[in-house]
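Going down the list, the sequences are from chains D and P.
Going letter by letter, the first sequence gives residues 1 to 377 in our numbering.
Going letter by letter, the second sequence gives residues 1 to 393 in our numbering.
Hints are computed from structural coordinates only; laboratory data are not their basis.
Worth double-checking, as some hints may not be accurate.
Unchecked claim - In the DSS-like style, the derived pairs of lysine-lysine whose C-alpha atoms are separated by at most 27 Å in a straight line are:
no.: 1; chain 1: D; residue 1: K304; chain 2: P; residue 2: K297
no.: 2; chain 1: P; residue 1: K69; chain 2: P; residue 2: K33
no.: 3; chain 1: P; residue 1: K33; chain 2: P; residue 2: K355
no.: 4; chain 1: P; residue 1: K21; chain 2: P; residue 2: K350
no.: 5; chain 1: D; residue 1: K49; chain 2: D; residue 2: K28
no.: 6; chain 1: D; residue 1: K304; chain 2: P; residue 2: K275
no.: 7; chain 1: P; residue 1: K10; chain 2: D; residue 2: K304
no.: 8; chain 1: P; residue 1: K64; chain 2: P; residue 2: K47
no.: 9; chain 1: P; residue 1: K350; chain 2: P; residue 2: K297
Model, not experiment: these values are computed from the prediction.
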Amino acid sequence: MNFTISEEQQSAQQLAQQILSDFTEVDKLKAIEQQQKNFDADLWQALAKAGLLGLDIAEEQGGTGLGFYSLTALCEEIGRTVAPVPIIPVLVSAAGTLRRFASDTQKDQWLPGIANGTTLISAALEEYNNDDPTTPSCSAQKMEGGFAISGTKICISEATSVTRILLSAHTGDELVVALVDPRAAGVTLNPQLVSTGETRHELVMTKVQVPTEDIIATGSEALAAMNWAHQATRTALAAVAVGLCDKMMRITGQYTSEREQFGRPLATFQAVSHRVADCYIDVECLRLVTQQAASLIDEGHPAKDAVQIAKIWCGNAAHRVSQAAQHCHGGTGVDRDYPLFRYCQWARQIELTAGSSAQITGELGQAICAEYLSTTT
Amino acid sequence: MNIELTAQQKALQQEVREYMKTVMTPELLEEIKIPEFKEGGGPEFRKQYARMGADGWIGLSWSKALGGKELSHVEQYIFTDEVVRSGFAYPFLTTESTTPVIAANANAEIREEVVGGVKQGKVVIAIGYSEPNAGTDLASLKTKAERDGDDWIINGQKMWTSLANYADYVWLAARTDPDESKKHKGLTMFLVPTNIEGFSLTPVHTLGVRTNATYYSDVRLPDKYRVGEVNEGWKLITGQLNIERLSLFTHGQVDSLYQGVCEWAAETDAPQGGKLIEQPWVQHNLATVKSGLEVVKLICWKQVWAMDQGPLNMADASVAKVYSSEFFVELYRLLLEVMGQAGTIATDSKGAVLKGKLEFRWRVGPVLTFGGGANEVQRDIIAMAGLWMPRTR
Ligand SMILES: Cc1cc2nc3c(=O)[nH]c(=O)nc-3n(C[C@H](O)[C@H](O)[C@H](O)COP(=O)(O)OP(=O)(O)OC[C@H]3O[C@@H](n4cnc5c(N)ncnc54)[C@H](O)[C@@H]3O)c2cc1C
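Construct all of the structure, not just a fragment, from the sequences and the given hints.
What follows is the structure, encoded as structure tokens:
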């Protein structure tokens, strides 16, 4: 047992903090929000130059190979600064899966470009009412030289600008993980405005032909790949939530210490300070379960329960901390000239991405049932 | 970052678990059915406590000079966790929190008598802090000790002096500076032998456990029983309270309740057919318990790991106390709901589930939210030490 973060990881996190704080001043965030796309390309290049896009990409493909845990530490910093970059779809769901499940040729083809910031690959793990990429309703039909994929995926980041989108479909007998070119024939992208304020896309595929070289895995390998992607994505969302919630709570602690009503700082009312203290407890609990899930994945150990628990806490803490932060600010908190609203928008988005707390509590309950029914007779 | 027990730590866990099975003898299981002995103090309890001493299990965390093994906090926690899980009324507050303070501050003769006695499993110490009018605001206590030659004359009343009915000493906080405005700067610590003249007690029966009111009427106590300097008692009290919390909120005791209810629900038929555990609402409660329990485990590990690295962060210690005490209460309810009416059947009555352990546990739940440092005060500490917010009024 060791809760220490290695020196390399610490310096990567500090570097990230430096870069992110430069790029996420309120004026910059506002300017990006005026753009058509909510993506700060300069920040992405700065992260690439610092080697931070390659934290979980092997050295052979131009990364630093520090591993998944370090990547979640970067996620936390992204959350703390609400930086407009698609870190989870590109670096976790797509690159992380490619690193572990793609062929050497595919890794050489895609990962160096992701690490140096010249290539973007997004991921489409969710469908309507289905966040589990191991059971997609999208279908794949084997054909000469590859597969033809049909069906719909939703809320995809950067769908119009990426080179490929990683997704899964099934043939009836087996699962297929593929990289789909969003410009291929049979692809329609429909804009979807989501809670964060950004435009994502619905991807409708009608017999989109995917050549064999873009098929990442099939059968049991594809299942393992999507299980990994699902767990890693949930854990990374929880890590972003740690940063988000920590920051919302600190903004609130500071605001209520300065704002006076009835002739005294609001924070000197126990009802107020205790609400913020409860956020502190939530953040600490969320941090611990997230660190546990991230370190298990990092070491390649079974992480299913730990990930479910982390995402349950993620949804609950994101909701509670966000609402407490809003409440304790009064009107200032909802004003779009004050930074808090961005955090609250992200909190809601993350809460409902990759499975809500209620849904995952249900999943965990079923797993507990199966475990005890099999051991008790 | 690696949040798992090492092979060595797992082996220690297993060793203590096996040993504690031999401590919970059939005689002891019978003895603790007698209300008077539920919290320990019966002859079989005394016998097993002394056996633990003889077998070298007491004082593992103490310095080698005191005959301890200087176990790390992580190892010490593994030990505590297993002992609490076993259900043995091991006097943790004696062994882990008061004795080390006494060892560091008492004179040589008393150190030998008390610390040596604890090491052998022969001495139990009750804690005499609270009074009828001094609870959370402990420093307002009024029991006084006045110097008379080589002795002290003690007068006053303590409330909630748990275990005093069989303890050998009371670890007593008394006012030695008559100026009450000095509050915590006028307190001194004493060890009062419970067979001394002028000491008496009456039982206090609570919702759950039995505790005591203790009375000190012209108790003449030799100065050698004073621990630490005169009027310097407060830092001994706070040092002790910090360690106390680590043995109150351990994971194993509640994890075993969760596992017990899961097993019970997997064996029990649901009226609709199938087993109870197949009902969605049961699964919901069990999953909610499991995700909260995981944090209890991680908080405990993180705290003991941090204590091995250096002093414990104040806000973190308060987070652990508030979260665990409130989650325990929640866990009791969620598990009792699964059991329904069967959850109301008390220990030893026909139909009791898990020997009625949960029917008993909910009764002691609230004590931990206001006791051991009231949760409001802990939240004040979190706001100040963790968030730099101003003091509340
Ligand atoms: C079963 C049991 C065993 C015990 N064993 C021992 C023992 O062995 N030795 C011993 O010395 N004591 C013991 N105690 C006493 C225990 O430590 C006290 O009950 C505790 O300190 C709280 O004090 P109180 O009961 O006087 O409540 P009070 O201090 O009167 O508190 C009442 C309520 O007010 C709240 N409150 C208090 N201060 C504040 C504040 N600043 N802001 C907001 N809210 C506040 C509390 O949280 C609580 O909800 C025991 C108590 C029980 C019930």
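Going down the list of hints, with the structure as the test:
| no. | hint | result |
| --- | --- | --- |
| 1 | D/K304 x P/K297 | holds (17 Å) |
| 2 | P/K69 x P/K33 | violated (34 Å) |
| 3 | P/K33 x P/K355 | holds (11 Å) |
| 4 | P/K21 x P/K350 | holds (25 Å) |
| 5 | D/K49 x D/K28 | holds (20 Å) |
| 6 | D/K304 x P/K275 | holds (25 Å) |
| 7 | P/K10 x D/K304 | holds (22 Å) |
| 8 | P/K64 x P/K47 | holds (25 Å) |
| 9 | P/K350 x P/K297 | violated (33 Å) |
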